[in-house]
Amino acid sequence: MNRAARPFEFFTASYITRIDNQRAQTLGELRGGLEHCSDASIFYHTFQSLGRYHFLTEGFSNDVAQWVLASLNRPRLAEQLGALDIRGYVDLARLRHDLISTMEEFLRLHPKAADIEAFEPFYFCSSAEVTVPLGWEAWTLAEFRHYLERLGHAAFHFHFLVSRLRLQLQSNDFSMWFKDALGLGRLARLTERIDITTDTLDGAKARLLRLVDRELAA
Amino acid sequence: MQLEDYVPILGVQEVDDLRALARRLAGRAVQMVNSTAVGGGVAEILNRLIPLMQELGLAPRWDVITGGNDFFEITKAFHNALHGGPYDSRPNDFKTFLAYNEQNRQRLSLDSEFTVIHDPQPLALIDARPPGKNHWIWRCHVDLSRPNPRVWDFLRPFVCRYDGALFSAPAFSRQLPIPQYLFFPCIDPLSDKNRELEPGEVQDVTERFGIDTDRPVLTQISRFDRLKDPVGVIHAYQIVKRYADCQLVLAGGSATDDPEGAQVLAEVREAAANDPDVHILDLPPWSAIEINALQRASTIVIQKSLREGFGLTVAEALWKKKPVVASAVGGIPAQVIHKQTGLLAHSVEGTAYQIRFLLAHPSLGQKLGEQGHDHVQEHFLITSNVRRYLALFLHHDSHGRS
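In order, the protein sequence lines correspond to chains A and B.
Residues 316 to 533 in my numbering are what the first sequence lists, from first letter to last.
Residues 229 to 630 in my numbering are what the second sequence lists, from first letter to last.
These are calculated hints, taken from the structure and not from any lab test.
Be a bit skeptical, because a hint or two may be false.
Label pairs and their computed distance ranges (CB to CB) [said to hold, decoys possible]: (1) N308(B) to G343(A): 57 to 67 Å; (2) E232(B) to D514(A): 24 to 34 Å; (3) E324(A) to A287(B): 41 to 51 Å; (4) A457(A) to I278(B): 53 to 63 Å; (5) R460(A) to G268(B): 39 to 49 Å.
Cross-link-like lysine to aspartate or glutamate pairs, in silico, EDC-like; alpha carbons within 20 Å at most [claimed, not checked]: (6) K567(B) to E394(A); (7) K549(B) to E606(B); (8) K567(B) to D514(A); (9) K323(B) to D355(B).
Even for Gly, the Cβ is constructed at its ideal location relative to N, Cα and C.
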């Protein structure tokens with residue numbers, strides 16, 4: 316079995332939620348808030364919401380879309396905002412831009428919607444990330460599989476999704492290691508294709524385990 | 229209870245994560261300070277939290293402040309005022325509050341690296357902190373969304389001297405110059421109120437109270453308090469009853485020592501108008517297993533509060549995989565994500581409609597209940613609370629003091 320050029324080091328991440336001194340009661344205020352809130356806030360309401368609600372498979376891909384649906388009853392806009400696939404983003408500035416422009420396009424067509432009061436305000440929050448090593452190192456794909464199986468949600472989310480922002484690549488920690496340290500380019504590509512936005516974290520992890528098993532059996 | 233006891237519930241992975249996070253905090257002193265050792269949600273949480281932190285290798289301790297009746301009368305008045313109630317100040321209230329805090333400051337050793345002060349009663353203990361030393365956090369369990377300005381203006385300068393403040397919901401926070409964090413309250417899945425029950429245990433309770441489990445059971449567990457709108461629940465039930473043969477259980481705390489509670493109970497009985505399918509249960513405080521069984525026997529759990537602190541009865545019901553119909557007030561929207569982990573309503577008619585919808589679509593109820601259970605597992609269990617504290621301490625440790 317191939318021994319990797321460098322080990323895969325597993326980390327876990329924990330997030331504390333900071334409540335920012337900013338809230339929105341209307342779509343117009345939300346649009347303004349998104350322009351001025353911190354990157355950590357954009358992260359919290361998009362990337363982090365997938366981690367917080369990892370057990371939901373449909374209709375909830377970010378907090379902004381959920382608020383537009385549940386508190387403003389605007390299903391069409393909610394659908395458009397929810398369809399922004401965060402896997403496609405490697406920097407938060409672009410994601411912020413697309414959230415705002417989706418909203419602006421809607422407000423251009425429905426200008427009166429800007430001032431309609433929501434049932435509940437949107438509270439801007441942000442995430443502070445704390446990462447610690449789990450103390451597990453994999454040098455082979457078999458060792459990797461062993462640890463992957465017992466990897467928690469937070470750690471999987473950190474390596475599979477949050478890594479995009481860290482790497483600034485349309486990839487993830489697992490794929491990078493498969494490709495660079497083990498020379499398994501195909502496994503890396505198949506891993507990149509796992510669709511986290513339409514699955515739970517458990518489902519995505521199960522798919523990755525199946526891909527690794529197939530590779531090990533080959 | 230030990231961490232290992234939670235493995236069958238959480239999975240070994242989550243316990244591994246807790247251990248990994250705690251490793252960097254091994255031997256570090258953590259001090260929790262509140263105003264009561266027994267009774268109330270804070271003491272209940274600390275009773276579970278301290279042993280778990282100890283098992284994870286931290287050095288936690290728990291101190292309780294003392295005070296005379298005059299102190300606790302004042303802090304009770306503060307509590308009500310912070311919730312938005314009126315405040316009839318007496319000339320020496322603030323002075324007395326500070327004097328008792330000073331007395332406790334002299335009595336307690338407050339030198340831990342991480343000190344968490346719970347609620348307003350011990351707030352002024354911040355005076356004990358040497359400048360620039362240690363991390364002091366204020367954990368506010370009170371809804372501060374509409375505080376009485378006189379009391380808040382007095383307390384706010386103390387709050388601003390902490391390194392951070394923890395609130396149960398974003399709506400409860402204030403504009404403050406210090407970091408504010410979201411810290412949900414929690415339930416313990418191994419407590420009598422939430423642990424798994426044998427079918428026979430549930431049956432014993434339903435039989436004792438004359439509840440027919442062959443027909444749908446709608447339940448609200450709440451003390452008999454106007455803010456929980458038990459009469460509104462009866463009106464919603466009466467609408468539903470036109471379409472479905474169901475029963476209503478209203479189970480609450482004992483009202484014998486609370487004149488208003490007794491009055492509300494009388495109003496509830498009048499609204500029920502001797503309907504044999506409305507079960508009004510005035511339960512004593514030691515009814516954890518009965519409440520657990522009633523929630524488990526329910527088809528739908530209702531929480532139709534007009535105002536709410538956090539409303540952990542919602543998390544209890546979700547933990548038992550029950551579909552919940554609840555008002556969008558206080559901390560409830562954090563627990564009930566509309567159409568994902570339950571259904572929110574804003575009126576009697578809306579509550580009735582959502583109940584009817586769930587009775588007509590049981591598979592939706594099942595899905596909401598299951599997703600609600602996962603939501604509680606992720607955010608509202610005692611172990612999530614431990615994880616949050618560990619992350620908070622690590623964050624403050626690496627980012628210094630404010």
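Results of checking the hints against the structure:
{"no.": "1", "hint": "N308(B) to G343(A): 57 to 67 Å", "verdict": "36 Å, violated"}
{"no.": "2", "hint": "E232(B) to D514(A): 24 to 34 Å", "verdict": "31 Å, holds"}
{"no.": "3", "hint": "E324(A) to A287(B): 41 to 51 Å", "verdict": "29 Å, violated"}
{"no.": "4", "hint": "A457(A) to I278(B): 53 to 63 Å", "verdict": "41 Å, violated"}
{"no.": "5", "hint": "R460(A) to G268(B): 39 to 49 Å", "verdict": "47 Å, holds"}
{"no.": "6", "hint": "K567(B) to E394(A)", "verdict": "15 Å, holds"}
{"no.": "7", "hint": "K549(B) to E606(B)", "verdict": "14 Å, holds"}
{"no.": "8", "hint": "K567(B) to D514(A)", "verdict": "17 Å, holds"}
{"no.": "9", "hint": "K323(B) to D355(B)", "verdict": "15 Å, holds"}
In terms of the numbered hints stated before, the structure departs from hints 1, 3, 4, listed from lowest to highest.
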